[in-house]
Each structure stands twice: as C-alpha cells, then as structure tokens.
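Engineer: With the hints as constraints, model all of the structure from the sequences given.
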Amino acid sequence: MTLTLDSAAPAASTPAKLATVDCDLHPTPRSPNDLLPFLSQRWQSHLRDYGSHIRQGISGQEIHPRMDGRGMRLDAFPETGPAGSDLGLMQRQHLDANDIGAGTLIALGTSVSDERNLDYGAALARAVNQWQLAAWVEPDPRLHAGIIVTQEDPAAAVAEIDYWAADPRFSHIMLSPKPIEPLGRRRYWPIYEAACRAGLPVVFHPVIPGGGHPSSGIGWPTFYIQDHYTSGPLYQNIAMSMVFEGVFEKFPELKVVFVEGGFTWVPHMTWRFDRQWERMRSEVPHVKKKPSEYLRQNTWFTTQPMEECRTPGQLREIIEWIGFDRVLYSSDYPHWDYDDPKYAFKLRLSDEERQMIFSGNARRAYRL
Amino acid sequence: MQLPFAGAIDCDTHPAAPSIKSLLPYMTPYWRTQLVERSLHTVNFTFTSAKPNVPLSRRADWRAPLEEDANIVPTLRQELLDPFQLRFAICNVLHGSIALFHQDMAAAIISAVNDWTRDHLLASDPRLRASILVSPTDPAHAVSEIERLGEDKRFVQILLPVMGELPLGRRIYWPIFEAAQRLQLPICIHAGSLHRMATTGGGWPSHFVEDYIAQSAAFENVLVSLLAEGVFRKFDRLTFVLAESGVSWYPALLWRNDRMWRATRREVPWIERVPHEIINERVRLTLQPFDGPEDAAAMKRLIDHFDSDRVILFSTDYPHAHFDGLNALPDGLSDALIQRIAIDNPAETYTRLALAPQPAGASA
Amino acid sequence: MTASQVISHIDDFPPNTRKVVEVNGRSVVVFRVEDEFYALLNRCPHEGAELCKGRLGGLVVSSEPGEYDMTQENQFLRCPWHGWEFDIKTGQSYCDPRKTRTPRYDVAVKSGGALQEGPYKAEPIKVSLDDLYVVVHC
Numbered sequence: 001m002t003l004t005l006d007s008a009a010p011a012a013s014t015p016a017k018l019a020t021v022d023c024d025l026h027p028t029p030r031s032p033n034d035l036l037p038f039l040s041q042r043w044q045s046h047l048r049d050y051g052s053h054i055r056q057g058i059s060g061q062e063i064h065p066r067m068d069g070r071g072m073r074l075d076a077f078p079e080t081g082p083a084g085s086d087l088g089l090m091q092r093q094h095l096d097a098n099d100i101g102a103g104t105l106i107a108l109g110t111s112v113s114d115e116r117n118l119d120y121g122a123a124l125a126r127a128v129n130q131w132q133l134a135a136w137v138e139p140d141p142r143l144h145a146g147i148i149v150t151q152e153d154p155a156a157a158v159a160e161i162d163y164w165a166a167d168p169r170f171s172h173i174m175l176s177p178k179p180i181e182p183l184g185r186r187r188y189w190p191i192y193e194a195a196c197r198a199g200l201p202v203v204f205h206p207v208i209p210g211g212g213h214p215s216s217g218i219g220w221p222t223f224y225i226q227d228h229y230t231s232g233p234l235y236q237n238i239a240m241s242m243v244f245e246g247v248f249e250k251f252p253e254l255k256v257v258f259v260e261g262g263f264t265w266v267p268h269m270t271w272r273f274d275r276q277w278e279r280m281r282s283e284v285p286h287v288k289k290k291p292s293e294y295l296r297q298n299t300w301f302t303t304q305p306m307e308e309c310r311t312p313g314q315l316r317e318i319i320e321w322i323g324f325d326r327v328l329y330s331s332d333y334p335h336w337d338y339d340d341p342k343y344a345f346k347l348r349l350s351d352e353e354r355q356m357i358f359s360g361n362a363r364r365a366y367r368l
Numbered sequence: 001m002q003l004p005f006a007g008a009i010d011c012d013t014h015p016a017a018p019s020i021k022s023l024l025p026y027m028t029p030y031w032r033t034q035l036v037e038r039s040l041h042t043v044n045f046t047f048t049s050a051k052p053n054v055p056l057s058r059r060a061d062w063r064a065p066l067e068e069d070a071n072i073v074p075t076l077r078q079e080l081l082d083p084f085q086l087r088f089a090i091c092n093v094l095h096g097s098i099a100l101f102h103q104d105m106a107a108a109i110i111s112a113v114n115d116w117t118r119d120h121l122l123a124s125d126p127r128l129r130a131s132i133l134v135s136p137t138d139p140a141h142a143v144s145e146i147e148r149l150g151e152d153k154r155f156v157q158i159l160l161p162v163m164g165e166l167p168l169g170r171r172i173y174w175p176i177f178e179a180a181q182r183l184q185l186p187i188c189i190h191a192g193s194l195h196r197m198a199t200t201g202g203g204w205p206s207h208f209v210e211d212y213i214a215q216s217a218a219f220e221n222v223l224v225s226l227l228a229e230g231v232f233r234k235f236d237r238l239t240f241v242l243a244e245s246g247v248s249w250y251p252a253l254l255w256r257n258d259r260m261w262r263a264t265r266r267e268v269p270w271i272e273r274v275p276h277e278i279i280n281e282r283v284r285l286t287l288q289p290f291d292g293p294e295d296a297a298a299m300k301r302l303i304d305h306f307d308s309d310r311v312i313l314f315s316t317d318y319p320h321a322h323f324d325g326l327n328a329l330p331d332g333l334s335d336a337l338i339q340r341i342a343i344d345n346p347a348e349t350y351t352r353l354a355l356a357p358q359p360a361g362a363s364a
Numbered sequence: 001m002t003a004s005q006v007i008s009h010i011d012d013f014p015p016n017t018r019k020v021v022e023v024n025g026r027s028v029v030v031f032r033v034e035d036e037f038y039a040l041l042n043r044c045p046h047e048g049a050e051l052c053k054g055r056l057g058g059l060v061v062s063s064e065p066g067e068y069d070m071t072q073e074n075q076f077l078r079c080p081w082h083g084w085e086f087d088i089k090t091g092q093s094y095c096d097p098r099k100t101r102t103p104r105y106d107v108a109v110k111s112g113g114a115l116q117e118g119p120y121k122a123e124p125i126k127v128s129l130d131d132l133y134v135v136v137h138c
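Residue numbers (our numbering), protein chains in the order written: chain Y, 1 to 368; chain H, 1 to 364; chain E, 1 to 138.
Don't take each hint at face value.
[To be verified] The calculated DMTMM-like cross-link candidates involving lysine to aspartate or glutamate, where the alpha carbons are at most 20 Å apart (straight line), are:
# : chain 1 : residue 1 : chain 2 : residue 2
1 : Y       : LYS342    : E       : GLU34
2 : E       : LYS53     : Y       : ASP68
3 : Y       : LYS342    : Y       : GLU353
These are computed hints drawn from the structure, not numbers from a lab.
Structural biologist: Here it is as structure tokens:
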C-alpha cells in the first residue's frame, strides 16, 4: 500500500459531534515517589529499599531495549520527567488536538502485575489506582482509570476490583497477558467473576516481563523487532486458553479487550480455532459453541499498532472478517508507535464505520 | 476437493516411527546394551506433539494396526501413495529421541532412525523421499548427520522441530544451516516442541487441542527469528519449509514485518530489503492442516492476500485427520494454483527430487 | 506558486542546527549540516508527525549479520514517532524511496546585494547589502 497522507481519509470528513474514544493512553509517574503518598509507611520503606522484584535479569529497564527514547515518541517528553508524565502535554499534543472525548488509561511501568512479592503488589495496586484518580482522572474527567490488580493473587485482585467496582471513574480492569498459568485456567476465574459482577471489561496490554515464561514457545527473542512481534501470537494463545478452558461458557457476560497487539491475525486465529475444535471436540466437551461464536460475542481488538496491508481493500476484508463492531481505535500515546486518529487508517471508512471504530464500539465494551 | 491429476508431490508424510527393536541393529554394542539394560527397547520414544491415539493424529480409516515395522511401507502404499496417485511423498519421521537431554544417547538413536529410514523406507518404494532427522540440542551431531547422509539424493531436507531450546534463528544453529546449504538441502521446520519451556508465552495450556493450535504462533515467531537474525542474508541459497504450520497466518505476518522493518531497520541492518520480498523467496509452507475459512468467497480473498503463488507446498500430513476421503485440497483453489502447489512448487523447492532414481512409469 | 523567502541571517543559523520556518503557508524544517543547507516539509508523509522533532543521523548498513557500518553521517532524518528514515537531500524514505517521500525545497545562501534582485520575501528580517542570508524556495 502506498503510504501518503493524501490517501488517508481526511479528518474533515469526521462529523464534528463525534468525540473519539482512545482505548490506550499511558500515564506515567514522574518518579516512583509519586506513589509514596498512597502507600503505608511499611510499603514506602519497601519501595525505597527493595523496590520491584520481577522475573527478568536487568532491573528497571527493558530487556529488549527500544529504538529511541526507551520507546517513546521523541516529541512527547515534557521539560522534566518521562514521557507520559505531564497531563498538560498529553492534552495539548493529543487529547485536545484530536478531539478525544474519552480515553482509557493503561498505567504501565509500575510493575504491579509482574511483582513477585504479592503483598507489595497488592499495596502497589491500590496506590496506582488512587494515583490514577488523583493525578489524571480528577484533573481531566475525559480520562478513565483501569483497575490495576495482582492477578497472581486472585483473592487480592478480586478485593481490589470489588473495592472500586461502583466508582464510575474506572472503566475497565487491567490484566497482564504474561501470567504464570494460561489465562483461561481456573486459577483466574474469580477475577472474571468479579469483572462480570462489576460490569467492567478485562483489558490485556503487553507487559514486560510477566510470569517468567519466554514470550513464545520457541524461547526468548534476540532483537526488539522480534519482541514487538510477540504480542500478536501471545494474544492468540490467550484467546485460545480462554475459549478452550470454557471461560466464555462459564462467564457469558465477560468482556475482553486485547490492546496493542494489532488485529490482522484475528481472522486466521478464528478459522484455526473452529477447525481444530471440530476435530477435537471430544477433548473439550465443555466448549459448547464454535470458538468463533464466543469471540464474536465476548472479545474486542484495538487498532494500534495499525496494520498496513498491501491494499486498503485487504484491510477492509480483515476488518469485515473480524466485524466492524469488534474493532476499537487506540493511539498508544505517548509511545513511539503511536497512531494518529486522523491518519492511521489508510482506508476510507463510511461515517457509520468510523463512528463504530472511533467511538461506539468502545462505549459498549467499556464503562464510559 | 480431490487432486485433479496424478503425480502430486506430498511434502509432509508421516510414516509410523520404527520401534527401538528395529533400530538396535544400527547401534554400537554399547548403545544396544544400554537401551536394553535400561529397558528402553520396551518404550516407543513417542514424540509428545504427535501422540498416535489422539483423534487428530490418525484418521479413523487409517488406523489399521501395524503389528510390526515391516508393515509400515505396505500400509503407506495402500493408504496414501496409491489412492492419491502421488509421484513422491516426503517422509518426516517424528521421533521423541530428539527431546532427550542425554545428547549421546539421542545421537545414537537419531542416527539409527536415519539409517532405518534409508534402508526400510527409501529402499522399499521409489516414490518415497525423506528428511534427515536431527536435534537442535546438538548442532555438531546434526552437522555430522547431514554430512554422513547428504550425498544420498533421496534425502531431500533436514528436519527440525519448531520449538526447541532457543529460537532457530540464533547463531548457535548456523553450522546446521551452513551444512544444509552446502549440500543443497532445505531446512524443514516441523510442528512440535521439545517441551523445554511452555508451549505458549502465557504458560502451559491444559489441552492437546490447544498445544496443536499454538503451533502456528510458534511458527510465526520462528519465522521472525530467522528474518531478524539475518539467516536469510547469511545463507542466501537456503530454503526453509515450514511443515504442519498452518498457512492462513502468512499474509498478516508479512504485513506486520514490513511495517516494523521501516521502524527498527537500524537494529537489524542486514535486512536490506522489505521483508515480504525476502520471505516470499525463501520460505515455503505445507498445505495441511489447512486453516483457512470454510466460506468460498472468503477463501478466494485469503488466497489473494498471499502475495505469491510460490509459497504453498502440497501435503496430506498423512495420517493426521485434517480432511475426509481423498479431499486433500481445500475448495476454492484455481487449477493454475493447484498445479503450482501440487507439482511446480515442490519440484522447485526440492531440486534433489530430479537427481535420484525416478519411480517407474513416472514422466518428468 | 513558489516563493522565495529569507529565513535567517547566516550568523543566526549556526552549523549543525535546525530551524522551523513558515514559508508560503507551509511549515518547513531547515537543517544546516556544517556549511550545507537542506529543507524539508515539516511533516511525515506517514502519519503527520513534525519531522523537526526527529533525530538527524547517519545510515547504518551491514555487509552481513553482526556487522554494523555507519555511513552518510547527518544525512538521514528519522521521524520522531515511527522512526522512518528520510534522506535530507531528497526527502525520500530509505525503505521505500519510490513511493514514500516528504517534499524537499531548495535552500541557498545569498548576499544581501543579490537579494535586491528579488522577488524575495524577507519580512521580518532586515537585509543588509554586504551580509549573507539563508533563503528557502518553496
């Protein structure tokens, strides 16, 4: 596909009333000290003396170093502090400039889901949740927080979800796609039950490093270009585990959003699930419907990093196979592979399609 | 649908693996004694990724008891070679010995499997061709097997499992690729895991069906590994065949890597061209298990998403249960594409097929 | 319609710096690499990022895996978002030179005397006959 701005659907065609929903915004603490006010004395000293304890060999940085500025847009650094730590800059560069009516926050870099010390993880989860409200949602009500939980301690995760369930400032629950066990296994079902009770979707976003398994069954990648690729296959594996363990049969109301894994793999994943389910149903009699039926009812996929098919027609076919009602716009601000809502789609969308992808679908998937 | 002509080349056939008893004659006195004393002649070294009783692993009408290893080839003729009117079938003997940690024991068994393949498969029917079985855990032994057997033109490729100990692009494996390229043998990366680590990035799935589905995700990652490490650049005449990989994921992988290359080319500057061009030239995928859409219109569009008609190689994946009767081709392929998939692409991939003695009555 | 615009007194545009200027209604980023000047539209053809925020550097090439050779120092501008590399001499994308480019513009250094022959737009820069100025044609 020839990539020029001329071929993109111009922003002017967007109906003025349509306020975009962005399903992937990353708020970052200026430093870990931002979290101290939300931690008890005991955990403040733990943060200071021990800090995070995760399953990777280098502390406090990515094991697959990013290409520029630790993976940030080079124009997204405020005068002080890391990219994503300045609400004013986020508003000027993205929220206001692109008429973002609602944004869902994904607070990375706080290592809650990766934390091996589960008690510290639980304290940190509460602190990050309070910090999101104080530093981001209260100053800008367009933003909606995601409940951070310690998923490897499901009881603590459920307690955290229940604590915030009625608070309308939270729109979703964040889970790591790098668990200790596949995410369909019963260990995690109390979390899904709590999500359904709260009426909130479960949202996956790539994290580093997670539960310690290599990022795929072939082992750890060497280069960042490989590491970046792993999220799509990983999401296929997660969707597989949830379908074939019967999660959607058990929790038909559960809503799951896969963020920042792309989406062109969804059709082939679905075909493969259906065909193998037909062949080996006797192993999984608890999976009563075709896998594609669960996926069509329970799952959504965000657009970023925008896939660039060879032709716009191919892109349209991919989205038709997934369903225009299943695809959600996301920017990933302030990360380097940010997608601009005006230009990311190298495809002419009808007003109705645009409304669905940029707003309507997210308003059904999330509590906004 | 069925093959519309005789003479197709089946690029992924699985004869039953021989028993250890059939392999003992090929071993040194030490290993013969060891395997018997350790009672290993009473077990089968069944590769976990290919357990024979799983419904998927053997079609219901392909379950005649073999009784003894001497029946392997007659069964193959009766169930596969004759009814499908194949010109050649490339045998991939999957053997659990490649998952052993004891690398000397593994080497003894792997070499014996290759000897048995030569003497009992290749020698029994001129339509049979085979892969040289090697283990990724011992690249030195792999190289010695390639050099030992590579002059026999009936061996047409090297067989490695997709999930080993490290991603297959890593430089530790390059001696295998160097030897393979030198002897003009493609590398066949086949579905299966040594189970050194979880079969998914999210941990160990509960079910066989999940491990089977997860193969394609492993293949996606292994192809990106070969690309990123510069294997295609370093070994510029080496073809990689991905067997039992599924095929429908291929266009999306190209799109994604084309985009990422523009962004991260600086990290891997040896990738000197847009990835889809390199991969289309150097990678082939076997047809079964076909994982495309059932719907004919969608099928046609998926085929259009492939940028090339050179990528897919016909396979039955015999005796796996992917289709009924003789319907080894999915519906919706054009005659021209069937010709490419079933005959031309395999012949171009496996140039050795023309070099060894030909089956009687077969015309070029 | 093209226009020619004086964008700077040469003393105000030191070596190895860049300026963003508005010329003929367009945002243009002008680079001075030692004593050479280059001008590109300040907008990535991919998703519209401001190219002036990107890094200027060399082009890494490789003779084989594991070899990294830096060439053409300070000749490639990388988009601050997706890292696409653009040749500042031509505006062409390194990865897709045929289809992807950002417009480039001529830049010249002229004496104030030469500028009298116009037509040049100089406002708000005051032009002295004997001094040198950087001019963008756009």
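Engineer: Run every hint past the structure and note whether it holds.
Structural biologist: These are the hints, each one checked on the structure:
no.	hint	in the structure
1	Y:LYS342 to E:GLU34	violated, 37 Å
2	E:LYS53 to Y:ASP68	holds, 12 Å
3	Y:LYS342 to Y:GLU353	holds, 14 Å
Going through the hint list in order, the structure does not satisfy hint 1, though it satisfies all others.
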